[in-house]
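Protein chains in written order, with our numbering: chain A, 44 to 382; chain B, 44 to 382.
Not one of these hints is a red herring.
Given that identical chains are not distinguished, each listed pair holds provided it fits within a single copy or across any two copies.
Below are the DSS-like pairs computed for lysine-lysine, each with C-alpha atoms no more than 25 angstroms apart in a straight line:
1) Lys152 <-> Lys334
2) Lys156 <-> Lys132
3) Lys103 <-> Lys316
4) Lys85 <-> Lys132
5) Lys103 <-> Lys251
6) Lys85 <-> Lys152
7) Lys381 <-> Lys352
8) Lys132 <-> Lys152
The set of hints was computed from the structure by calculation and includes no laboratory data.
Next come the chains, spelled out residue by residue.
Number of protein chains: 2
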Amino acid sequence: MTETENTRIVLASRPEGRPTPANFRLERAPMPSLGDGQVLLKTLYLSLDPYMRGRMSAAKSYAAPVEIGQVMEGGTVAEVVESRDAAFKPGDIVLSYSGWQSHAAVSAKGLRKLDPQAAPVTTALGVLGMPGFTAYAGLLTIGQPKPGETLVVAAASGPVGSAVGQIARLKGARAVGIAGGPEKCAFVRETFGFDEVIDHRDPQMADKLAAACPGGIDVYFENVGGHVWDAVFPLFNSFARIPVCGLVAQYNATGAFPGPDRLPLLMRDILSKSLTIRGFIQREFVPTQGKAFQEEMTRWVAEGAIRYKEDIVEGLENAPEALIGLLEGKNFGKLIVKV
Amino acid sequence: MTETENTRIVLASRPEGRPTPANFRLERAPMPSLGDGQVLLKTLYLSLDPYMRGRMSAAKSYAAPVEIGQVMEGGTVAEVVESRDAAFKPGDIVLSYSGWQSHAAVSAKGLRKLDPQAAPVTTALGVLGMPGFTAYAGLLTIGQPKPGETLVVAAASGPVGSAVGQIARLKGARAVGIAGGPEKCAFVRETFGFDEVIDHRDPQMADKLAAACPGGIDVYFENVGGHVWDAVFPLFNSFARIPVCGLVAQYNATGAFPGPDRLPLLMRDILSKSLTIRGFIQREFVPTQGKAFQEEMTRWVAEGAIRYKEDIVEGLENAPEALIGLLEGKNFGKLIVKV
Chain A
44 MTETENTRIV
54 LASRPEGRPT
64 PANFRLERAP
74 MPSLGDGQVL
84 LKTLYLSLDP
94 YMRGRMSAAK
104 SYAAPVEIGQ
114 VMEGGTVAEV
124 VESRDAAFKP
134 GDIVLSYSGW
144 QSHAAVSAKG
154 LRKLDPQAAP
164 VTTALGVLGM
174 PGFTAYAGLL
184 TIGQPKPGET
194 LVVAAASGPV
204 GSAVGQIARL
214 KGARAVGIAG
224 GPEKCAFVRE
234 TFGFDEVIDH
244 RDPQMADKLA
254 AACPGGIDVY
264 FENVGGHVWD
274 AVFPLFNSFA
284 RIPVCGLVAQ
294 YNATGAFPGP
304 DRLPLLMRDI
314 LSKSLTIRGF
324 IQREFVPTQG
334 KAFQEEMTRW
344 VAEGAIRYKE
354 DIVEGLENAP
364 EALIGLLEGK
374 NFGKLIVKV
Chain B
44 MTETENTRIV
54 LASRPEGRPT
64 PANFRLERAP
74 MPSLGDGQVL
84 LKTLYLSLDP
94 YMRGRMSAAK
104 SYAAPVEIGQ
114 VMEGGTVAEV
124 VESRDAAFKP
134 GDIVLSYSGW
144 QSHAAVSAKG
154 LRKLDPQAAP
164 VTTALGVLGM
174 PGFTAYAGLL
184 TIGQPKPGET
194 LVVAAASGPV
204 GSAVGQIARL
214 KGARAVGIAG
224 GPEKCAFVRE
234 TFGFDEVIDH
244 RDPQMADKLA
254 AACPGGIDVY
264 FENVGGHVWD
274 AVFPLFNSFA
284 RIPVCGLVAQ
294 YNATGAFPGP
304 DRLPLLMRDI
314 LSKSLTIRGF
324 IQREFVPTQG
334 KAFQEEMTRW
344 VAEGAIRYKE
354 DIVEGLENAP
364 EALIGLLEGK
374 NFGKLIVKV
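Construct the entire structure; sequences and hints are all you get.
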C-alpha cells in the first residue's frame, strides 16, 4: 500500500448463513479528493462489531444494508491528513464512521476530535464509544438495576457485556456473567469483578445459572439469543426487565426455525410475571444519555471502576476473518483492527 | 334458595384444556356468621372475567389458584344485609370480591360503597371497574397512543377492548378493532365508534387488517393471543408498544406447542424495530392511576364519550356455562351474572 492509493474492503456478495471470506473483496482505488468542508482521513483503527452482520444482509432492519460493491461500514479512529474545514488540522485524531478502508474523504460535521492524553484513542471505539454507550444507556434506561437485584449478561468478556456487568455492580446489583471457555470466564470474574460467571459451553450451564441466581433474575441484558435464552427464561422474577440489544447467536440463521414453538410460553410469562422486553439501538438514547455517558464513563474508566479489554488485530486485510470469528465468539475483548 | 342458606359454586376439579360444567359444583351451606368488623353481603351481581380460567389451574401465576372445594373467586356488587362495622349499614350497595355465592361474611375493610345514583351499579364490574381500569392503565401507561398513531385491539366488543379503542380515539389515535362475527363488528364500529373493524373469523383477516393499517401499527393492546397475533406481528412500526393483559386464546391450551418456533422472529423484530412488550396486571397501577381513572372515566361515561355494553345472565347456577362461553368468545359485552 502506498500513500497515493486507498485500500478498501467492499461487500462482494451477501452471505447465506455464516459469512465467508468470499463475501468480501479487497480493492485499491485512487486517493479520494476533497470537497469544501471535508477532511481527508487516514484510518488508524477500525472497530468490528456484531451489527455488521446485519448490514451484509438485504433483510429489512433499522439501518440500510451495505450495497454489493460498497465499502463495508464501520466506526474508525483516524488521523486528519488534509483539511478543508477550519475546525480540523492535519495531525488531529478523530472518531469517524469511515468504514473498512485506509483513507476517506468525509464531511467534517460528523467527526469528533479525540484527546490522546485523556484516554487511549482506541477506547473511543469500545468502552468510551458505541459499545460502552450501548451498555450504559440500555442498562440504565431499560434494565434499571437496583441494589440487591440480580443481573445476567452474556458475552460478558465482550465490550458490551463487560460494561453492563460492571455498571450493574456500581448500582448495587449482583452481576452474573456468561462467557465461552475457562480463560474468558476467569477474566470476567477476576478482572471485571462479576459475582458469578458461567461457561455457556458447559453442558450443565442451565443448572449452574440457576444455582448462581438463587433469587431469580431481575435484569437480563440480551445481546446473544440462542441457547442462553432457554437457560435464562425460567428464572425471570416478576417485573424483570429485558433490554434487547443483540442476538448474535441467530444472525447467521437461515430459513424457518424448527419447533416446538416457544412464543406461547414467552407470552404466558410476559403476562404472568409482568415482564418488560424492549429492543433498542443505542443511537435512540444519544440525545438524552450521551452527555451523561461521556462524563460518567470517562470518570469510571479513569478511576479504574470500569475496566475493559481490547483484542487488536493487525492489518485491514485481516478484517474479514476477524469479523467471521467475532460472530462465533472467537474474539476476546473489544475487537479492533489496526489498519 | 331460602334466605337462611348460602348457595355457592365451588371448584370441583381442575380442567384439562377447556373447562366443563363438571369442573364446578353447586352447594348449599349454612348462612355465614359475622365477626367484629365484618358485614354480611347478599350478592346482587357477579362479574365473570377471563382471568378466572387461570385461577382454576394449579400452574404458577401472579395469583394463587382456587383450591379444590373452595368457592370460585370473583368480583361482586352486593347489598349489605347485616353489619358489624360502623361504616356500613343494611341496604348499602358495595363492590366486593366475595365470589360465586349468594351470601358472604367479609371484612368491611375491602369494600367500596357504590352510589346507585351516580351510575348503574353494574358498571363497577365493567367500564368503571377492573376491566375499564385494565384498559385505561395499560393503554395510557404502556401503550401511550399519540395523535395520528394506529392502535389495534382484539375482543373489541368486550369490556377491555371496547374501552381501549375508545380511549385511544379520545387521545387522537386511530382505533382498529378485531371482533368475532358481523353483529359484534357492527356494534364496535357503530356504537363504540372504532375507525375500522375486522372479523377474526374472516379467512382474509390478515390481509384486511393490513389494509386497515396502511401506516402500520403503533400500539397493539394484547388481550387474546392466538391467530390474531400472527396477523398483527408483521405490521408493527418501529417503537411500537405492546401492553399484554390477556391471552384468552391460549388459556385452555395443554402440552407443547408445535413448530415452527416463532420466538427467534419475535426477538429479531423486537431488536430491529425497537419494540416494547410489557405484561401487566391492573392492580400494579392502582396506586398511581386509580384515582385519575375513577375521575376521568366516570366523567367520560357520564358525557357519553365512552360507551359500554353489558351481557347479563340470570341465575348463579348459570355461571359455569357462562364462563365456559366467555372463554370461547360467546359473550357480547361485559359478562355479568345477576345472582
